[in-house]
Structure formats: C-alpha cells, structure tokens
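Participant: The residues making up each chain are set out below.
Number of protein chains: 2
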Amino acid sequence: MRRVRYCVAMSLDGFIADRNGESDWIVMDPDIDFGEVFQEFDTVLLGRKTYEITRQKSGGPAMPGMQTYVFSHTLRPDDCAGVVVSDDPAATLAELTDKSGKDIWLFGGGSLFSSLLQLGLVATVEVTVMPVLLGGGLPLLPNSAASTKLTLIENTIYEKTGTVALKYSVG
Amino acid sequence: MRRVRYCVAMSLDGFIADRNGESDWIVMDPDIDFGEVFQEFDTVLLGRKTYEITRQKSGGPAMPGMQTYVFSHTLRPDDCAGVVVSDDPAATLAELTDKSGKDIWLFGGGSLFSSLLQLGLVATVEVTVMPVLLGGGLPLLPNSAASTKLTLIENTIYEKTGTVALKYSVG
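Those protein sequence lines, which keep their order, are chains Y and H.
Sequential numbering from 0 applies to the first sequence in numbering that gives the first Met the number 0.
Sequential numbering from 0 applies to the second sequence in numbering that gives the first Met the number 0.
Treat the hints as calculated values from the structure; they're not laboratory data.
Predicted, not measured: the structure shown is a model, and the values here were computed from it.
Incorrect hints may have been included.
Residues on chain H that point at chain Y, a partial pick, calculated with CB under 10 Å [to be verified]:
| # | residue |
| --- | --- |
| 1 | 94 |
| 2 | 147 |
| 3 | 151 |
| 4 | 162 |
| 5 | 165 |
30 Å max Cα-Cα, derived DSS-like pairs, lysine-lysine [claimed, not checked]:
| # | chain 1 | residue 1 | chain 2 | residue 2 |
| --- | --- | --- | --- | --- |
| 6 | H | 166 | Y | 148 |
| 7 | Y | 48 | H | 148 |
| 8 | Y | 166 | Y | 101 |
Every residue, glycine too, gets a C-beta built ideally from N, C-alpha and C.
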C-alpha cells in the first residue's frame, strides 16, 4: 500500500522556511543520499503557496520522474503546466492510494499537511532537524486544533553537520 | 566556568507548552535519570510568566537545593517568597557566572530564553523532543529577529517512549 509521507527539513524551533520563505539555512549533509530518498517516491503533493514559491524560483517543481499534484481552490489547471491541479485532496488521495505505485511525498507546506493530517491521510512525518534556531517563519504544522500522537520509527544522526533525521508514524 | 543551559521538553513542532500552558503531553521516559540531571545544576532561572504558572499550580517552583531567580520588571520581591527577583538579567547573570558553582538551568519560558540568547548568555540548548505534534502553544523561541546557529554535541534516543534528547552548543 502506498503511503503519504510528509518529508521536510525543519529548524530546531519548528520552522520549514524562514520569514522570507527562504531555505538557505538548510544544510546538505554529504552523507544523505538524496537520490536514494527520491527513489522511494513517484508522486509529489504540494499546497498552492509552496507550488507558487517553487514556480517563482525555478519555473515550477522539477522532480524528474515524479507526478506532481497541486491542491488549490483558485489555481486554473490551464495555467499550471506539468502538474495536476486538484481542489479535492480527499478524492485525489483516495484515487492515488487505490493505484499501485511508490510512496507519495507530501512536500509541503504546512497548511496542506494540516489538511491531510485532519483527514487521517498522512502515514509518516519525517523531519530532518537542522542545527539552527530561526525564531520565526513557516511552521511545520500551522495552527491546528488537535494534537497528534506520533511513534518514533527511525532515527539517523549525520555527524558531519549535526543534522538529525527523525521518522515517525502518525498515531 | 558555570554555563547557562536551556533545558526543556518540546513537541516535534517546536512548542514547550500547549495552548493552555499545560505540559501533560510530556512523556517521562523511565530511562531518563532526572536525579542525575538535577545534580548538574544548583541554580534555576525563570521568566515571569513561567514563574506565575508554577506558583499557580504548586505554590512556586519546588526544586530542592536550588537557588531560583525570577526575571521580571513588575513582580515585587516581597510577594515572591523563596526566590530572588531581578529586573536585570545581564547584571544578575554576570554575578552568577562570576561565582563558582554548578551549571545554571534556564528553565524557561521562551521569552527569557530569547532575551538571554540575544545577550549572548546561553551556552547550550538541550531539547527533549516528545513524539507529539501540538499544532500550537508556547514556542521554544518566540519571535526573534535573528537566526542562531547551533552545534550538535550530544544525542540520546530513548527507545521505550520514542523521546529524542538533543544537546546543542550555541554558535
């Protein structure tokens, strides 16, 4: 069964982007094999804001070999080349998890995570904790009424940069 | 040299208390030796809000053998039995670190941490990450203009509860 996995880099104080939406505080540890990580996925989910940031910076999310879904009530599919626009996360996710395939990467942002978490659609939260305090920015999980229990299933310390990868299942 | 160490429990999404100021989401892992941790300190620092919460709940911070300092511009020392009230963190900390003694526990909250961090007075940030997402509450480091680099110096995984203890030096 394909799983939806929220995989993000985070500052120690819980932000996935700084106040300006930037991610230049993210350290790339040489011992993390990003190619291997990408291999586990064939589908990427983005919220509208995250999509617009990637589009502004680089013309759109460029993840070779991955099908990209953007969730939005306002974007027009015709304006969004190369991605599928959906305004119904529950229906789209039901469709996706019904098909066979690799895992589904919930790329962000926090609002989409919050929606999918509420719908019970997120299997894992996989956070790579960077050795930095940002003091503000885009939170891992924006204002959410309920708390969510997690179970730690994996952890890796990358000594060269002090990066800590923590993998939790939801519940 | 005595060091000021910010030691707190935190949710994965960066909160040290939930929306109601509660900490009942904190898991006590049986393998953490709190007695041993307390042994490393003889002085505790609290911000005004944190002090008032502990006072409301239990009549005041009860940490046997520790000298407690509360930082506030409004509290009257006469109203605060058993603690030292100071309105000048820089002067008080200079005095404390000048004397010999054990380390100094910056208990919280985040606002006091933010002030002392800005003054360059915090040596370590020691976060015990609980396997939970709170989605809101009191942040580890409230609105802070600058980001702060950290260096990971120690990490411990407590398998029974999935608690992750991360110790960083500031800078």
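Participant: Work down the list of hints and note, for each, if the structure agrees.
Facilitator: Comparing the hints with the structure gives:
no., hint, result
1, 94, "violated, 26 Å"
2, 147, "holds, 4 Å"
3, 151, "holds, 3 Å"
4, 162, "holds, 8 Å"
5, 165, "holds, 6 Å"
6, H:166 - Y:148, "holds, 23 Å"
7, Y:48 - H:148, "holds, 27 Å"
8, Y:166 - Y:101, "holds, 18 Å"
The structure fails to meet hint 1 from the earlier list, while all remaining hints are met.
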